[in-house]
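Student: Residue numbers (the working numbering), protein chains in the order written: chain A, 1 to 211; chain B, 1001 to 1325.
No wet-lab data here; the hints were simulated from the structure. Don't take each hint at face value.
[To be verified] Label-pair distances were calculated between CB atoms; the ranges are:
(1) B/K1184 x A/L51: 41 to 49 angstroms
(2) B/K1285 x A/S46: 42 to 50 angstroms
(3) B/H1274 x A/A44: 37 to 45 angstroms
Note that the Cβ used here is the ideal one computed from N, Cα and C, for glycine as well.
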Amino acid sequence: MPNKAGNLYGLTTLCPLLNSSVHNDTFSPVIRLRELLEQYNIVADSSPMRLVPNTYLARFFILDDVIFQSFPYQEEHLKSKYLVFTVNFHGELEQYLEGMYNAIPTDIASIWRDAVGFNVKDAQSFTTYIKKCQVETTFLFNGSTDMSLADQLKSLYIKQEFSDFVFKNQGVEPSVLLQEFKKFIQMTNPTESFPTWKAGVSDLNDIIQYK
Amino acid sequence: MSNIAGKAYAMNLITPVYVPTVWLCIFFLPGTLCTFTFVTHWLSNTFDLLPTWLGVLALLLGVTFIVLGLLCWLKIWNKSNEYLLWSLGLCSFVCTTLSSHTTATIILVFTVGVLLIGLGIYFLRDGITWVNRFIFKLAGLTIFQKSAFGGLLTLSLIHYARWVILRDKDFPILSSTQPKEKLKYGYMLFFSNFNGSWTQYVDSFSSAIPGGLNLLWYKNVGWPDAVPETPFNNYVVSKQIWTGHYYNAYPLASSNDVKSAQKVMDEIRGLCTHLDDISVADFKKAYDKATLNLQNDLSRMEPTPIVSLANEAIEKRRRIESNIR
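The shape of chain A in the complex, shown without the other chains:
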């Protein structure tokens, strides 16, 4: 199944957009959507996708048209513009989309407001809509680990803290090292979910989540 590689799911969707707004906007749906997406870029760590469980990486862009290669190849055009939404996540599609709708219903309504056939009222209708927009991935390459996002973030937290630990405790007496290591384990709790790193945060001062 090309959409999956191990526990990784590669969702690819092409959501057709309305050619003109039905919301009395003075500008086209494409311009509104571009401005909306840009807002997520301007404010640091404000992506709604950070709230969606098990999302590794996601992207939105607008496919205005196909690309013309120049003579002697034939010129051709798309009849609609498409919002391309792709996401790499851990797990199964239905659970993921349900979790996505439950986490960010307002953002979903805003992003897909001007999409053709978008009449989403709940998680189930959102799942149905996205499945209609889904195109099959031909080949999916997983260059990362096959762990869940929570495990990856916990491991990254441990790696960061242990790197500091090793640096600070170079050359100390073995008995002190053992005591310090016990404190380290107590602080970082490797076998528990917390503390861990927050998803989608790039500020080191605000990255640790304690519960």
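Fit chain B to the known structure of chain A by using the hints.
Tutor: Here is chain B on its own, set in the frame of chain A:
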């Protein structure tokens, strides 16, 4: 626009898949030849040389097809494919020289002709995307990954990558009022998530797996080959679509950090066992062994250095806005 999220870069390429010329001829040339052979013999009702009037008709048809093909090639008339028309024209000329055959041979020839044309229409209506799909099927097999795509596995800067091949009928239709796409070419979409700058990535790809790239982009329109790099880079630039919004769950971590973190976690869990009753000497031994195993995996992750002017502009704007507040 934002192709960058922390240490990750999002690349989107869309490339048309070639409408074949040689492939068209392979199916249509013998196909139409066989069909014409049958039709002309049936019309003449004898298996001798063609009557003069039919020979003249075939000659006229041949000239017409060749001229129409030329008009297609010059983009003056775009209702058909020049190679198909030229195949038909050539077949018409060949028909003028036909001699007798047995009925069984003629029927066999007719069947083969129809079959070939049918196959041609089936396989070639959207370019040769089926060939590309087949290549990706092979790419999924371990034996081929090692020989042709081994470099892809060693390009550790990639988080995830995917290829999606689309024909016009694959574009989603969400409403009866939405116009259906009508495209001559198939299209291949490539999405990649990697660390570092655009140049580092494209150059790494070109250096590490040139053969693999040439296979994956087989018969894509205008594909210049992965080496040399300059035309390859130009090709990628001209096919790239900028990302509107890009989200990364771990903006501070590279793909190698994620993989290293798993090793660190495994070693730490190993060190934790019997921690309450372990002797100092045994712990020191285990600790040294663990840190030795992790010597390539321990490093502190920090916010990414500025990798583009656009990224720098956003950071500057944020600083200004925070000062205003």
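Student: Now look at each hint and say whether the structure bears it out.
Tutor: Here is how each hint holds up against the structure:
1. B/K1184 x A/L51: 41 to 49 angstroms: Check passed, 42 angstroms falls within 41 to 49 angstroms.
2. B/K1285 x A/S46: 42 to 50 angstroms: Holds: the Cβ-Cβ distance is about 48 angstroms, inside 42 to 50 angstroms.
3. B/H1274 x A/A44: 37 to 45 angstroms: holds (44 angstroms)
Of the numbered hints listed earlier, not one is contradicted by the structure.
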